[in-house]
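Visitor: Sequence:
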Amino acid sequence: MSASRIAVVLRHADDIHLGNLEQVLLDHDYTVHYIDTLGADGLRGIDPAAADLLVVLGGEMGAYETESYPVLTDEIELLTRRLAARRPVFGVCLGAQLMASALGSPVYRGQSNEIGFRLVEPTEAGQASPLRHVSGIPMMQWHSDTFDLPAGTIRLAGSAAYGNEAFAIDDWALAVQFHPEVTAEMHETWLSSSEAEVRAEGLEPDALRQERAQHSAAMQQASSAMFSEWLSALPGDAAGPQRTR
Numbered sequence: 138m139s140a141s142r143i144a145v146v147l148r149h150a151d152d153i154h155l156g157n158l159e160q161v162l163l164d165h166d167y168t169v170h171y172i173d174t175l176g177a178d179g180l181r182g183i184d185p186a187a188a189d190l191l192v193v194l195g196g197e198m199g200a201y202e203t204e205s206y207p208v209l210t211d212e213i214e215l216l217t218r219r220l221a222a223r224r225p226v227f228g229v230c231l232g233a234q235l236m237a238s239a240l241g242s243p244v245y246r247g248q249s250n251e252i253g254f255r256l257v258e259p260t261e262a263g264q265a266s267p268l269r270h271v272s273g274i275p276m277m278q279w280h281s282d283t284f285d286l287p288a289g290t291i292r293l294a295g296s297a298a299y300g301n302e303a304f305a306i307d308d309w310a311l312a313v314q315f316h317p318e319v320t321a322e323m324h325e326t327w328l329s330s331s332e333a334e335v336r337a338e339g340l341e342p343d344a345l346r347q348e349r350a351q352h353s354a355a356m357q358q359a360s361s362a363m364f365s366e367w368l369s370a371l372p373g374d375a376a377g378p379q380r381t382r
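To convert, note that position 86 of the sequence shown is 223 in my numbering; the numbers rise steadily by one, no gaps.
In short, the hints are calculated from the structure, not lab data.
From a predicted model like this one, the values you see are computed outputs, not experimental measurements.
For glycine and all other residues, C-beta sits at the position ideal for the given N, C-alpha and C.
Errors might be hidden in some of the hints.
Derived Cβ-Cβ restraints for the label pairs, each shown as a range [stated by the list, open to error]:
| no. | residue 1 | residue 2 | range |
| --- | --- | --- | --- |
| 1 | Asp-184 | Ser-141 | 17 to 23 Å |
| 2 | Gln-351 | Leu-286 | 28 to 34 Å |
| 3 | Leu-286 | Ala-177 | 19 to 25 Å |
| 4 | Arg-246 | Thr-210 | 18 to 24 Å |
| 5 | Asp-166 | Ala-355 | 23 to 29 Å |
| 6 | Ala-186 | Ser-249 | 36 to 42 Å |
| 7 | Glu-202 | Gln-351 | 31 to 37 Å |
| 8 | Gln-248 | Pro-342 | 21 to 27 Å |
| 9 | Ala-177 | Ile-143 | 21 to 27 Å |
Start from the sequences, fold in the hints, and give me the full structure.
Guide: Right, dumping it as structure tokens:
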């Protein structure tokens, strides 16, 4: 049977892709279309509401670096229109920050560059959501930016270093600051290409590799369960739910 739904995925670098979450999308009968946002065409011709699901991945830039990366302005505008239409969106790291910006919240540098596998603790609301799957499981973190919780959203998780690690709008929009998608292979690629950054933070690459050996398998299992449950709960109505809280 051919896939019946389309997931458009905004990618900001070749090595920051869907990772272990791609198979979850395929299992839920999605066809995956990557859009390389820094390519020559950028977001040209994309209808903000057309795809069944929009996924916005991470990147090395900040959501506020619109002068250096003008396409970020286009992404924020696309997200603003899609969120206003109540169409399903999933954002990871930079994607979560762009969602926050589209919802009117500031995005800014945090107090630390968080790199490694760290606990992300669901809130009470998070424990009643797909975020419950990551409770007690160290998740991959690699970010130094953060954001204020957007109005009209529900905070689902925080960490020791950052209070806003995940938020949602009803059951059709989910943003996570951590990296649920990262496979062991992706982690090694990131680590090998960013050794100077890692050492500048006083971290040892081999220590991070030991973390990966200890936590990666459980993290990927928790991530897949989280994403699968969220996808399963997406509303069938093309316009999304019209509930209020």
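Visitor: With reference to the structure, classify each hint as holding or not holding.
Guide: These are the hints, each one checked on the structure:
no.	hint	result
1	Asp-184 - Ser-141: 17 to 23 Å	holds, 18 Å
2	Gln-351 - Leu-286: 28 to 34 Å	holds, 31 Å
3	Leu-286 - Ala-177: 19 to 25 Å	violated, 36 Å
4	Arg-246 - Thr-210: 18 to 24 Å	holds, 19 Å
5	Asp-166 - Ala-355: 23 to 29 Å	holds, 27 Å
6	Ala-186 - Ser-249: 36 to 42 Å	holds, 37 Å
7	Glu-202 - Gln-351: 31 to 37 Å	holds, 34 Å
8	Gln-248 - Pro-342: 21 to 27 Å	holds, 23 Å
9	Ala-177 - Ile-143: 21 to 27 Å	holds, 22 Å
Comparing the model with each numbered hint stated earlier shows that hint 3 is the single one that does not hold.
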